[in-house]
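Colleague: Sequence:
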Amino acid sequence: MRASKLAFLGTLALMATVATACQASTEAGETRADTRQASATPPVLQEDTVLQAAIASATRPATDVARDRYRHPYETLTFWGLTPGQTVVEISPGRGGWWTAILQPYAAATGGRYVPVSNPVESMVVEDGTADMVLVARAFHNWHRAGRTEPFMQAFFKALKPGGVLAVEQHRAAEGLNPDQTAPTGYVSESHVIRAAEAAGFVLDARSELNANPRDDRDHPFGVWTLPPVRTSAPAQGATTGRTTPLTEAERAEYDAIGESDRMTLRFRKPA
249 MRASKLAFLG
259 TLALMATVAT
269 ACQASTEAGE
279 TRADTRQASA
289 TPPVLQEDTV
299 LQAAIASATR
309 PATDVARDRY
319 RHPYETLTFW
329 GLTPGQTVVE
339 ISPGRGGWWT
349 AILQPYAAAT
359 GGRYVPVSNP
369 VESMVVEDGT
379 ADMVLVARAF
389 HNWHRAGRTE
399 PFMQAFFKAL
409 KPGGVLAVEQ
419 HRAAEGLNPD
429 QTAPTGYVSE
439 SHVIRAAEAA
449 GFVLDARSEL
459 NANPRDDRDH
469 PFGVWTLPPV
479 RTSAPAQGAT
489 TGRTTPLTEA
499 ERAEYDAIGE
509 SDRMTLRFRK
519 PA
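Under our numbering, the sequence shown has 330 at position 82, and the numbering climbs by one with no breaks.
Be aware that one or more of the hints could be misleading.
To be verified - No more than 20 Å apart at the CA atoms, straight line, and that leaves these computed lysine to aspartate or glutamate pairs for EDC-like:
1. K406 with D380
2. K406 with E375
3. K409 with E446
4. K409 with E438
5. K406 with E370
6. K409 with D453
7. K406 with D428
8. K409 with D380
9. K409 with E375
10. K406 with E446
11. K406 with D453
I should point out that these hints are in silico values taken from the structure, not numbers from a laboratory.
Everything numeric in this text was worked out from a predicted model, so none of it was measured.
Given only the sequences and the hints, what does the whole structure look like? Please build it.
Modeller: What follows is the structure in structure tokens.
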């Protein structure tokens, strides 16, 4: 009960913090609007203090916060075009819900909507043409192995508004390699993702190296899962392929030093 109460109080504290930040941003925006009307000067872009508050919140798990140096949440969400009041659909957030812990309180504080979706083909939850953003993090390799890429991309396109964004973060394989070979290791090429998105009707709007990691040579005994945060150090029970012995302490330290994977960060748009 004590833990639940503390979590509840923590959530209230976050909401108070982001609400205050949101009010401050609104008041600042009103002031800037009045100034523009009076002087006709260009608007001054401001930091998203509400998003900063959500990322800095004490309610986020410490293990999530430790990964910020690899995943750059503020810069990445800003690159994707997140703004207050949007409807954001996240595909397969997973048990940890790394993006959920940021996006859910942000949406609540700004009058937006955060929607987690497990199986896009069964339901995107939102009405067709109503989502501002569909976020896909580290999933294309799984879809390729299961033959789900095409129907999933079509579902995303249908759910988004004209002009809506498909936001992608994905472990990146070297160009020219067969995804049938790289997907089982957790990686697919950037061109593979771009082709899949364009086939569904999306247009590549921008790409970023925010989450690139040149130390990741993609040559790991247990695929991308050898690296943090999973840190696989021994073969799965009954495994008949790949390395059959655990990593030594020195090897484990070597892979930990690489950090998280080299990742593409892409922004696609549904044509208006």
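Colleague: Is the straight-line distance between the alpha-carbon of K409 and that of D380 20 Å or less?
Modeller: Within the cut-off at roughly 6 Å; holds.
Colleague: What's the verdict on K409 and E438, does the C-alpha distance respect the 20 Å limit or exceed it?
Modeller: 24 Å, violated
Colleague: Between K409 and E375, is the straight-line Cα distance small enough, at 20 Å or below?
Modeller: 10 Å, holds
Colleague: Could you grab the alpha-carbon distance between K406 and E375 and see if it respects the 20 Å cut-off?
Modeller: Roughly 9 Å between the alpha carbons, so the hint for K406 and E375 holds.
Colleague: Quickly compare the C-alpha distance for K406 and D453 to 20 Å and report which way the hint goes.
Modeller: 18 Å, holds
Colleague: For the pair supplied as a hint, K409 and D453, is the alpha-carbon distance within the 20 Å limit?
Modeller: Status holds; Cα separation ~15 Å.
Colleague: Can the restraint linking K406 and E370 be considered satisfied, given a maximum Cα separation of 20 Å?
Modeller: 13 Å, holds
Colleague: Given the hint that K409 pairs with E446, does the C-alpha gap stay at or below 20 Å?
Modeller: Between K409 and E446 the Cα gap is close to 16 Å, so the pair holds against 20 Å.
Colleague: Just to be careful, I want the Cα atoms of K406 and E446 compared with a cutoff of 20 Å; is the pair within it?
Modeller: 14 Å, holds
Colleague: Mind checking the alpha carbons of K406 and D380 for me, to see if they're no more than 20 Å apart?
Modeller: Since the Cα atoms of K406 and D380 sit roughly 12 Å apart, the hinted pair holds (cutoff 20 Å).
Colleague: Taking 20 Å as the top limit, are the C-alpha atoms of K406 and D428 close enough?
Modeller: Answer violated: K406 to D428 is near 27 Å, above 20 Å.
In this structure, the hints that do not hold are numbers 4, 7, in rising order.
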